[in-house]
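Protein chains in written order, with this note's numbering: chain A, 1 to 564; chain B, 1 to 266; chain C, 1 to 130.
Careful: at least some of the hints might be erroneous.
[Stated by the list, open to error] Derived coverage of chain A by chain C (criterion: at least 3 residues anywhere in the stretch with Cβ under 8 Å from a Cβ of chain C; other residues may be distant):
| # | stretch |
| --- | --- |
| 1 | 103–114 |
| 2 | 195–204 |
| 3 | 249–258 |
| 4 | 296–308 |
| 5 | 454–466 |
[As the list claims (entries may be wrong)] Keeping only pairs whose Cα atoms sit at most 30 Å apart, straight-line, the calculated DSSO-like set for lysine-lysine is:
| # | chain 1 | residue 1 | chain 2 | residue 2 |
| --- | --- | --- | --- | --- |
| 6 | A | K354 | A | K38 |
| 7 | A | K354 | B | K95 |
| 8 | A | K430 | B | K95 |
| 9 | A | K453 | B | K55 |
| 10 | B | K109 | B | K135 |
| 11 | A | K292 | B | K102 |
| 12 | A | K453 | B | K157 |
| 13 | A | K430 | A | K354 |
| 14 | B | K95 | B | K187 |
| 15 | B | K187 | A | K453 |
| 16 | B | K169 | B | K157 |
| 17 | A | K38 | A | K430 |
| 18 | A | K354 | B | K102 |
| 19 | B | K222 | B | K169 |
| 20 | B | K55 | B | K157 |
| 21 | B | K169 | B | K263 |
| 22 | B | K169 | A | K430 |
| 23 | A | K453 | B | K135 |
| 24 | B | K187 | B | K222 |
| 25 | A | K453 | B | K169 |
| 26 | B | K169 | A | K292 |
| 27 | B | K222 | A | K453 |
| 28 | B | K222 | A | K292 |
[Unchecked claim] Which residues of chain A face chain C? A few of them, derived with a C-beta cut under 10 Å, are:
| # | residue |
| --- | --- |
| 29 | P21 |
| 30 | D32 |
| 31 | N119 |
| 32 | Y123 |
| 33 | L125 |
| 34 | G129 |
| 35 | I131 |
| 36 | L167 |
| 37 | L211 |
| 38 | V212 |
| 39 | L218 |
| 40 | V223 |
Everything labelled a hint here was simulated from the structure, so no lab data went into it. By construction, the Cβ of each residue, glycine as well, lies at the ideal position given by its N, Cα and C atoms.
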Amino acid sequence: MTVIEEEIGHPGGEVHHEEQPRGFLLWLTSTDHKIIGKNYMYTALVFFIIAGAMAMLIRTQLFAPNNHFVSQQTYNELFTIHGSMMLYLFAGPFAFGGFANYILPLQIGAPDMAFPRLNALSYWLYLTGGISMLLGFFTASGAAAFGWVSYAPLSSATNSPGAGPDLWIVSIMLVGFSGIFTAVNLVTTTVYLRAPGMTMFRLPIFVWNMLVTAILILIAFPVLTAALIMLYADRHLGTHIYSVAGGGMPVLWQNLFWFFGHPEVYILALPFFGIVTEVIPVFSRKPVFGYKGLVFATLAIAGLSTGVWAHHMFTTGTVLLPFFSALSLLIAVPTGIKIFTWIGTMWGGQIEYKAPMLFAIGFIAIFVMGGITGVLLASPPIDFATHDTYFVVAHFHQVLLGTTVFAGFAGFFYWYPKFTGRMYREGLAKIQFWLAFIGAAVTFIPQYLLGLKGMPRRIAVYLPVDHYTTLNRISTIGAYMMGLAFALWIVNVWVSWRRPIPASGNPWDGHTLEWATSSPPTHHNFDRLPPVRSARPVWDMNHPEFADYKTSHSGQAADRERQQ
Amino acid sequence: MGLGIVRSGKANAGVGMHRKVKLRFFTMRNVNIAGLVLGAVVLSSCNLPTFWAYKGATTQGQNEFHLWQGFIITAIFVAAITYGALVFAMARFRKRGDQVPKQTHSNIKWELIYTIVPVLIVIGLFAATFVSEDKIDAVSSHPALRVTVVGFQWGWKFEYPGGVTVVPKGSTYPTLELPQGETTTIKLLSNDVVHGFYIPAFNFSRYALPGVTNYFDFTPTKAGEFSGKCSQFCGLYHAEMLFNVRVVSPSQFSSWLTSQQQKVTA
Amino acid sequence: MRSERSVYLMVGTFFFLIMVIYFLWSGEASGTIMLFAAAGLGIMPGLYLAWWARRMELRPEDREEATLAEGAGPVGAFPGNTIWPFVFGMGAALTGLSLVFGVWLAVIGLAFIISTVLNVTLESRRGGAV
Numbered sequence: 001m002t003v004i005e006e007e008i009g010h011p012g013g014e015v016h017h018e019e020q021p022r023g024f025l026l027w028l029t030s031t032d033h034k035i036i037g038k039n040y041m042y043t044a045l046v047f048f049i050i051a052g053a054m055a056m057l058i059r060t061q062l063f064a065p066n067n068h069f070v071s072q073q074t075y076n077e078l079f080t081i082h083g084s085m086m087l088y089l090f091a092g093p094f095a096f097g098g099f100a101n102y103i104l105p106l107q108i109g110a111p112d113m114a115f116p117r118l119n120a121l122s123y124w125l126y127l128t129g130g131i132s133m134l135l136g137f138f139t140a141s142g143a144a145a146f147g148w149v150s151y152a153p154l155s156s157a158t159n160s161p162g163a164g165p166d167l168w169i170v171s172i173m174l175v176g177f178s179g180i181f182t183a184v185n186l187v188t189t190t191v192y193l194r195a196p197g198m199t200m201f202r203l204p205i206f207v208w209n210m211l212v213t214a215i216l217i218l219i220a221f222p223v224l225t226a227a228l229i230m231l232y233a234d235r236h237l238g239t240h241i242y243s244v245a246g247g248g249m250p251v252l253w254q255n256l257f258w259f260f261g262h263p264e265v266y267i268l269a270l271p272f273f274g275i276v277t278e279v280i281p282v283f284s285r286k287p288v289f290g291y292k293g294l295v296f297a298t299l300a301i302a303g304l305s306t307g308v309w310a311h312h313m314f315t316t317g318t319v320l321l322p323f324f325s326a327l328s329l330l331i332a333v334p335t336g337i338k339i340f341t342w343i344g345t346m347w348g349g350q351i352e353y354k355a356p357m358l359f360a361i362g363f364i365a366i367f368v369m370g371g372i373t374g375v376l377l378a379s380p381p382i383d384f385a386t387h388d389t390y391f392v393v394a395h396f397h398q399v400l401l402g403t404t405v406f407a408g409f410a411g412f413f414y415w416y417p418k419f420t421g422r423m424y425r426e427g428l429a430k431i432q433f434w435l436a437f438i439g440a441a442v443t444f445i446p447q448y449l450l451g452l453k454g455m456p457r458r459i460a461v462y463l464p465v466d467h468y469t470t471l472n473r474i475s476t477i478g479a480y481m482m483g484l485a486f487a488l489w490i491v492n493v494w495v496s497w498r499r500p501i502p503a504s505g506n507p508w509d510g511h512t513l514e515w516a517t518s519s520p521p522t523h524h525n526f527d528r529l530p531p532v533r534s535a536r537p538v539w540d541m542n543h544p545e546f547a548d549y550k551t552s553h554s555g556q557a558a559d560r561e562r563q564q
Numbered sequence: 001m002g003l004g005i006v007r008s009g010k011a012n013a014g015v016g017m018h019r020k021v022k023l024r025f026f027t028m029r030n031v032n033i034a035g036l037v038l039g040a041v042v043l044s045s046c047n048l049p050t051f052w053a054y055k056g057a058t059t060q061g062q063n064e065f066h067l068w069q070g071f072i073i074t075a076i077f078v079a080a081i082t083y084g085a086l087v088f089a090m091a092r093f094r095k096r097g098d099q100v101p102k103q104t105h106s107n108i109k110w111e112l113i114y115t116i117v118p119v120l121i122v123i124g125l126f127a128a129t130f131v132s133e134d135k136i137d138a139v140s141s142h143p144a145l146r147v148t149v150v151g152f153q154w155g156w157k158f159e160y161p162g163g164v165t166v167v168p169k170g171s172t173y174p175t176l177e178l179p180q181g182e183t184t185t186i187k188l189l190s191n192d193v194v195h196g197f198y199i200p201a202f203n204f205s206r207y208a209l210p211g212v213t214n215y216f217d218f219t220p221t222k223a224g225e226f227s228g229k230c231s232q233f234c235g236l237y238h239a240e241m242l243f244n245v246r247v248v249s250p251s252q253f254s255s256w257l258t259s260q261q262q263k264v265t266a
Numbered sequence: 001m002r003s004e005r006s007v008y009l010m011v012g013t014f015f016f017l018i019m020v021i022y023f024l025w026s027g028e029a030s031g032t033i034m035l036f037a038a039a040g041l042g043i044m045p046g047l048y049l050a051w052w053a054r055r056m057e058l059r060p061e062d063r064e065e066a067t068l069a070e071g072a073g074p075v076g077a078f079p080g081n082t083i084w085p086f087v088f089g090m091g092a093a094l095t096g097l098s099l100v101f102g103v104w105l106a107v108i109g110l111a112f113i114i115s116t117v118l119n120v121t122l123e124s125r126r127g128g129a130v
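Taking the hints into account, I'd like the entire structure generated from these sequences.
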């Protein structure tokens, strides 16, 4: 090895080396992607805790038949806001506002996002949007109570009067714009701010997934915003777009919503697939297995996800069943490719079971089950039997909780040293993992059985004669276990904050460029960059004898060399 | 640290590893094909477990049930292979030393296998879906009975020929009477919000959607009482929007209908 | 630029194909229009990137053998700390909430937004952080 590091020019000239404001003022005024990313992440986690607490209340209500723990009205508000917060305020922003904002510029060797002020603006829109949604609970008529999907005509002014639903609409619009701005930023950053030598096919998979996510956001969110504007117009401006009485079509809302909603599922899932694809290679000490296949699988998921919206509408009797069934079943193929790619990456490695790796494997375990039941639901006759039951609830909770929470916490613990310069407590994180993993199984597997027994979703009470009680009790106990797990996470963060163990720049023997800088990184991220000669520049630098650019792309040529 | 020694011996034996991989390739494909074949066999027999689902108290519901059996057996095979590979990799390749493992970037053969095999499975599943979907969705042109079902906030109304209507009375839920062995066409409507007309034991649900009229057939095969529910969230008392289904013999049904019709005219 | 172009064009073309199949098979209007718009949102940026890809030389980040020295020099002008995104965000939120609580909120919100527009323009013209 001759030259490992070279000087790079400092971007932006000398203007930025002034004193940084501190504390609250820094939080208000920063345009640094790292600070905005952390703001996003901690805000999203606060929303996660609030929405998780709502889930605890929901499960407590369902602990016994004919329970009166909360009123039916409160229950309806709770599951509406639980779903809305988890999907709009936690899962998405946690990934593309938090992780992507912080990690993506670092992984491609950029000094910041392409539009730092726009980036700051997205955060403020997100925060105010989130607060607007919660404001609903403090209005006279309560928060929105029509489910996170807000089906017309239940969401009309006659069926859901009051300020709560309007706040919900405004909230989602603000959060939607924040998502759109972030997506613009991510695409531009990826296209224009890569380090020299960082070609598209050397991008870390996480960056690829974020790029595809951003493309999907730009296609899906405008549809949602348009649908919401029409919903608002129906409620207050006298239009009849979704009402039969005025010649409109309620089912149009479902078409528009799910044309956003299904890509949204992949907008939520793809970033976390990206995170897992960063974690597994590092803790297996191997490169990603089948890089190109993975990239094309991601693109295939993006393409297919826009053509499957009506599989949420099989039981409306208004959609072309074979078309949507075929495309929905086909999504299983690229998703399966991803799962086998992760297993292929572990295959033949030296797997070290640190907390991030445990969470990543927990994600695969939960996601495989959720994905397979998703294939069942892609068949219209099976969907007829299980639509809107707890079978579906269990399916999408496994998919979404598997991705956003398990893969999310894999990423959180993996990059925690990078974010803070401190290590988390390994033991606590492992206990958190086992509690959450067992808790998730205990919560959701009984829900599949409940769904097959015919328990509809979103019911506040059930009868003793339905024989749902035992399974519901088990499910509730599982939910409490998960609640306990996330309480432990708060303890972990608290302990590591009060009694810090300093982390080095590269505590995991990481592969990608974020590990080439200090922890936490300096103001414009890098003083020096290693040369980019493969998808794993930092690995190449630290392990020159096993460097990727020396081996052929299949790795077999090097093998032959070694044998000779 | 005996294991560590075994492992370091293996590091050179790249060829040996390859042969092992090849063996597993054939078993995996065989298992998948076996899954497909089994799935097909299941479609024509019903001596298998129910896999926690209802067997279906109508011919349509039984069709769905056989499809369910085929799907879930395939699902169990796929899950077994995936979890098996995952657990095997976790146990076999856990860290046993500080040496850097072989840096494998890809393996075209394996990548093709895990692309093509799922495609084949999906094609099989789609074919099975296509066949049973047509049977379940078929609406008879000459049904023995036509019933109009109207969902409203928060209850159900059943309208039979001759002006007979069944509605919730006080705290009793309405009962949908159906003749056993005969085909009834249901016309499903809603005038307020979206409801879900769901009879778990029939393995069937359909939205009562304002602005859309849905038709579907039930041919009950089993006499008895079943519970029905609203599956699509429809507002405050969604949870209490229940109904009952009673399947009786055609003669009992016609005497019930006649007596009800006499009440209407009286 | 070429790979970026291809990503967009591939996704856009796929949506277009799906749209054609969907339209011919179902004849349903809303889905066809949405798929058409989606195809446009894939193809338009794709064509933009293709337009640049034809006119630009390969940048250091497009070449596998590029050295870091080739990428030296200013990457771009990045703003320092600024309060205005916050003010704009509050303005936008107040304007949004005026849909719920009345038009008077929009007056305050728009005042915030206009002041941001003016101040950010001046901030940029001064060339950097305030």
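Comparing the hints with the structure gives:
1. 103–114: It holds: at least three residues are needed, and the stretch 103–114 of chain A offers 4 whose Cβ sits within less than 8 Å of chain C.
2. 195–204: The restraint on the stretch 195–204 of chain A holds, since 8 of its residues have a Cβ under 8 Å from chain C and three suffice.
3. 249–258: This one holds; 3 residues, not fewer than the three required, reach chain C with a Cβ under 8 Å.
4. 296–308: n = 5 at 8 Å, threshold three: holds.
5. 454–466: With 0 residues close enough to chain C, the hint is violated.
6. K354/A - K38/A: holds, 23 Å
7. K354/A - K95/B: holds, 11 Å
8. K430/A - K95/B: holds, 17 Å
9. K453/A - K55/B: With Cα atoms ~11 Å apart, K453/A and K55/B stay inside 30 Å; holds.
10. K109/B - K135/B: With a Cα-Cα distance of about 40 Å, the restraint between K109/B and K135/B is violated, given a limit of 30 Å.
11. K292/A - K102/B: holds, 19 Å
12. K453/A - K157/B: holds, 24 Å
13. K430/A - K354/A: Given that 30 Å is the threshold and the Cα spacing comes to 8 Å, the pair holds.
14. K95/B - K187/B: Violated, at about 63 Å.
15. K187/B - K453/A: holds, 25 Å
16. K169/B - K157/B: With Cα atoms ~11 Å apart, K169/B and K157/B stay inside 30 Å; holds.
17. K38/A - K430/A: holds, 23 Å
18. K354/A - K102/B: Since the Cα atoms of K354/A and K102/B sit roughly 21 Å apart, the hinted pair holds (cutoff 30 Å).
19. K222/B - K169/B: holds, 27 Å
20. K55/B - K157/B: holds, 27 Å
21. K169/B - K263/B: holds, 16 Å
22. K169/B - K430/A: violated, 56 Å
23. K453/A - K135/B: holds, 23 Å
24. K187/B - K222/B: Judged against 30 Å, a Cα distance of about 22 Å means the pair holds.
25. K453/A - K169/B: holds, 27 Å
26. K169/B - K292/A: violated, 64 Å
27. K222/B - K453/A: The given pair, whose Cα atoms are some 18 Å apart, holds under the 30 Å limit.
28. K222/B - K292/A: With a Cα-Cα distance of about 54 Å, the restraint between K222/B and K292/A is violated, given a limit of 30 Å.
29. P21: Since chain C brings a Cβ to about 6 Å from P21/A, closer than 10 Å, the hint holds.
30. D32: holds, 8 Å
31. N119: Since the shortest Cβ distance to chain C is 8 Å, the answer is holds.
32. Y123: holds, 8 Å
33. L125: holds, 5 Å
34. G129: Holds, about 7 Å.
35. I131: Check passed: Cβ of I131/A comes within 8 Å of chain C, closer than 10 Å.
36. L167: holds, 6 Å
37. L211: This interface hint holds because 7 Å falls under the 10 Å limit.
38. V212: Where the cut-off is 10 Å and the nearest Cβ of chain C is about 8 Å from V212/A, the hint holds.
39. L218: Interface hint status for L218/A: holds (6 Å vs cutoff 10 Å).
40. V223: Holds - the Cβ of V223/A comes within 10 Å of chain C, reaching about 6 Å at its closest.
Hint check: violations occur at hints 5, 10, 14, 22, 26, 28; the rest are consistent with the structure.
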